[in-house]
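Enquirer: In order, the protein sequence lines correspond to chains A and B.
The first sequence begins at 2 in this note's numbering and counts up one residue at a time.
The second sequence begins at 38 in this note's numbering and counts up one residue at a time.
Hints are computed from structural coordinates only; laboratory data are not their basis.
Just so you know, even glycine gets a beta-carbon here, dropped at the ideal spot from N, CA and C.
Check before you lean on any hint, since a few could be wrong.
[Said to hold, decoys possible] Subject to a maximum C-alpha distance of 25 angstroms in a straight line, what follows is the list of computed DSS-like cross-link-like pairs (lysine-lysine): (1) A/Lys262 <-> A/Lys347; (2) A/Lys267 <-> A/Lys347; (3) A/Lys509 <-> A/Lys262; (4) A/Lys504 <-> A/Lys267; (5) B/Lys188 <-> A/Lys267; (6) A/Lys528 <-> B/Lys45.
[To be verified] Restraint-style ranges between C-beta atoms, simulated for each label pair: (7) B/Thr88 <-> A/Thr553: 39 to 47 angstroms; (8) B/Pro101 <-> A/Asn136: 52 to 60 angstroms; (9) B/Leu54 <-> A/Pro549: 40 to 48 angstroms; (10) A/Leu214 <-> B/Lys188: 37 to 45 angstroms.
[Stated by the list, open to error] Derived, one-sided and incomplete: chain B residues facing chain A with beta-carbon distance under 7 angstroms: (11) Leu73; (12) Asp77; (13) Pro82; (14) Pro144; (15) Glu169; (16) Gln171.
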Amino acid sequence: MSAATSAASARSALTTVFDPSGYEVDAAQRRILRWTIYIGYAALIAGVFHGLAQALSYGNIDILRYFPGLRGYYQGLTAHGVANVLIFTFAFANGFLPLLTARALSRPLNNALLYGSFASLLLGNLLVIYAVVSNQANVLYTSYSPLQAHWTYYVGLAFVVISTWLAAFNMFAMLAGWRKDHAGERIPLLAHISVASYAMWVLASLPITFLFLRYLIPWSFGLIDKVDPLLNRTLFWFTGHAIVYAWLLPAYVSWYALIPKQVGGKMLSDTFARITFIMFLLLSIPTGFHHQYTDPGIPAAMKVVHLVLTFGVFFPSLATAFSVMASLEIGGRRNGGRGLVGWFLKLPWGDPSVTAQLLAMITFVLGGVTGLINASFTMNQVIHNTTWVPGHFHLTVGSAVALTFVGIAYWLIPYLSGRALWSRGVALASSWIYTIGLLIFARGMISGGLAGMPRRIFRAQASYTMEAWELSGMLTAIGGFLMFVGIMLFFLVIGMTIFAGKKGEQPKDIPISETLAPAPRTGFAPKLDRFGLWVLAAIVLIVIAYGPFFLTYTPRFVSPGFRLF
Amino acid sequence: MKVHTYEKAFLTVGALLLVGCLGALFYASSARGIHLPGHDAHIDPALVRQTPPFDQPGVHQTGPNSYDAVIIGSAWSFTPTEIRVPVGAEITFVATSTDVLHGLMIPGTRVNVMLIPGQVTRTTYTFREPGEYQMLCHEYCGLGHHIMAGKVIVE
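From just these sequences and the hints, can you work out the full model?
Expert: Laid out in structure tokens, this is it:
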């Protein structure tokens with residue numbers, strides 16, 4: 002180790018973001034992580050073709066008949082949702098978060114858990130693909146009973162969840178091992194926020210696991226005759242709001258701990274970053290009733306409790322906005338930016354990895370605002386189940402998450418594959434075209450939703466329409482087409498990088514930022530590392546928010562399965 | 038823990054904004070009478086058409102200026118497909134589903150509820166403008182979801 006790098010290591014140790022030994026994850030393990038992410042890409046490619054067809058349908062253009070092997074709109078809509086938000090996001094997180102944790106702690110991954118996670122994800126995918134392609138699972142990704150899919154659909158999704166648990170346990174095991182060897186030390190920040198992200202998800206995944214194992218899977222096998230649709234819906238949203246944070250938090254990890262380094266800045270505050278992730282662990286889960294404001298059978302007072310907590314979970318995102326913007330400003334000013342906004346223009350906009358993530362952050366502001374509107378039960382009665390909702394979540398999972406994962410891929414795939422990024426120009430164009438498309442698309446969907454255009458309809462064949470929807474539908478189609486072009490350019494870049502990128506010219510390490518000040522060893526801050534305590538606190542909040550419902554609710558198993566597709 | 042002055046200011050203003058929005062919400066719901074559907078009644082989805090009030094779907098007067106609009110959702114139509122209600126009257130929609138999840142939405146109003154098998158949904162609305170309103174199913178209910186629609190004629 003040269004003098005310069007050891008000096009840098011000593012500084013890093015001081016700031017406690019990652020273990021300073023310069024650890025490199027084993028090549029065989031990196032290959033498995035890379036293939037885990039490729040499974041996500043395979044799903045995303047399939048998913049975005051359907052997305053294109055659906056966006057065009059809102060502009061009254063029907064291209065479905067040209068899709069080989071597709072038998073209906075809702076089959077494609079199921080494929081779009083499952084592939085994009087269930088497979089792509091978790092496949093990426095399964096590859097990304099364990100890698101960061103291993104690097105931050107300088108410890109190898111457990112091979113059994115690593116291969117197990119990969120195999121489980123692959124098997125889950127094959128089962129789901131069979132169910133959807135054979136036209137036996139047109140239930141959309143929300144899987145609401147009593148529409149009943151083939152058992153392979155539910156079992157396949159269960160294996161996808163198991164793959165996330167195995168990835169999470171791998172991270173927990175590394176952390177436990179590290180703690181044994183480093184008694185009394187602060188957990189390196191990068192490991193802390195990565196582990197917090199998946200710890201939240203493991204906790205959040207329990208209700209949907211119960212739903213699948215106790216009800217949907219036995220029901221799809223014919224072992225039980227009837228289910229309770231309201232109970233099923235409630236269990237789905239018990240997990241279903243926190244799941245969006247499971248997609249978002251890996252993006253936040255990049256914004257907090259990696260992007261500052263990429264723009265030449267530093268993280269503002271170690272403690273604030275940890276507080277933010279702990280707040281997500283606490284508040285992501287007890288908020289699900291805001292998806293069920295218009296449901297019968299749930300007392301309105303319980304919905305109001307979730308409303309308040311939903312507004313609460315907006316707070317850590319506000320803190321993130323400040324912290325991330327401050328670290329960007331540090332970078333922009335170091336690059337010579339002056340004045341109130343000059344620093345913003347001096348950010349490295351020529352770096353496709355940075356640009357994709359900056360655009361993700363900007364569009365996410367609109368995603369956050371529209372989210373607050375969803376959570377406001379007065380407005381919710383106008384926009385619930387209208388195209389407003391997909392307008393909103395394409396600004397969150399479709400940009401904050403997807404564009405950030407695109408930006409990360411621009412260093413991660415070269416890093417993992419040992420090949421330099423192919424064509425910086427095409428990579429930059431991809432993100433810009435996608436973003437412009439997204440803004441037009443979201444404008445269309447949001448305005449259509451305000452005018453009562455329902456979501457999840459095959460509009461090109463619908464028996465009704467309204468004049469106010471015409472422009473909205475057109476904008477949705479145009480924007481969706483541009484998003485499709487943008488994401489295809491992304492796949493061109495990734496494909497060319499894998500097959501034709503220059504060997505050996507890849508980034509040699511993960512870009513990890515330092516913090517302005519080291520992590521405090523006394524006072525409140527070290528308590529943030531006690532995950533057991535925070536998980537316990539999260540469970541208490543969940544019991545407060547969901548306890549009254551489950552204690553007073555009598556399940557009514559009244560619905561046999563329906564296959565109306 | 039030392040918190041930067043700007044950060045403190047930003048988070049304080051942000052928190053106040055959130056609290057202010059919550060206050061506005063509670064004000065709107067109490068002052069304007071905007072309520073969410075809550076717990077109402079149970080029903081066996083297989084026996085909906087024999088169970089009151091769904092054995093007589095349609096509009097029934099319940100008071101001097103109030104009416105119940107009893108509506109059944111089933112794949113892929115509403116029963117009745119068209120209802121007529123007087124302008125300015127308090128209309129209580131009473132609805133349920135005989136099979137899968139459905140929705141009931143009237144664009145341009147805040148009538149927007151879920152129909153869930155086993156549960157009775159109830160929501161109240163007063164139409165101020167006469168005219169023809171669409172009544173749409175807004176929850177995916179299978180192959181014919183996009184043809185599940187009816188009409189509300191306000192006169």
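Enquirer: Are the hints correct? Go through all of them and say.
Expert: Each hint, compared with the structure:
no. : hint                                      : result
1   : A/Lys262 <-> A/Lys347                     : 15 angstroms, holds
2   : A/Lys267 <-> A/Lys347                     : 15 angstroms, holds
3   : A/Lys509 <-> A/Lys262                     : 14 angstroms, holds
4   : A/Lys504 <-> A/Lys267                     : 30 angstroms, violated
5   : B/Lys188 <-> A/Lys267                     : 59 angstroms, violated
6   : A/Lys528 <-> B/Lys45                      : 21 angstroms, holds
7   : B/Thr88 <-> A/Thr553: 39 to 47 angstroms  : 23 angstroms, violated
8   : B/Pro101 <-> A/Asn136: 52 to 60 angstroms : 54 angstroms, holds
9   : B/Leu54 <-> A/Pro549: 40 to 48 angstroms  : 29 angstroms, violated
10  : A/Leu214 <-> B/Lys188: 37 to 45 angstroms : 44 angstroms, holds
11  : Leu73                                     : 5 angstroms, holds
12  : Asp77                                     : 5 angstroms, holds
13  : Pro82                                     : 6 angstroms, holds
14  : Pro144                                    : 2 angstroms, holds
15  : Glu169                                    : 11 angstroms, violated
16  : Gln171                                    : 6 angstroms, holds
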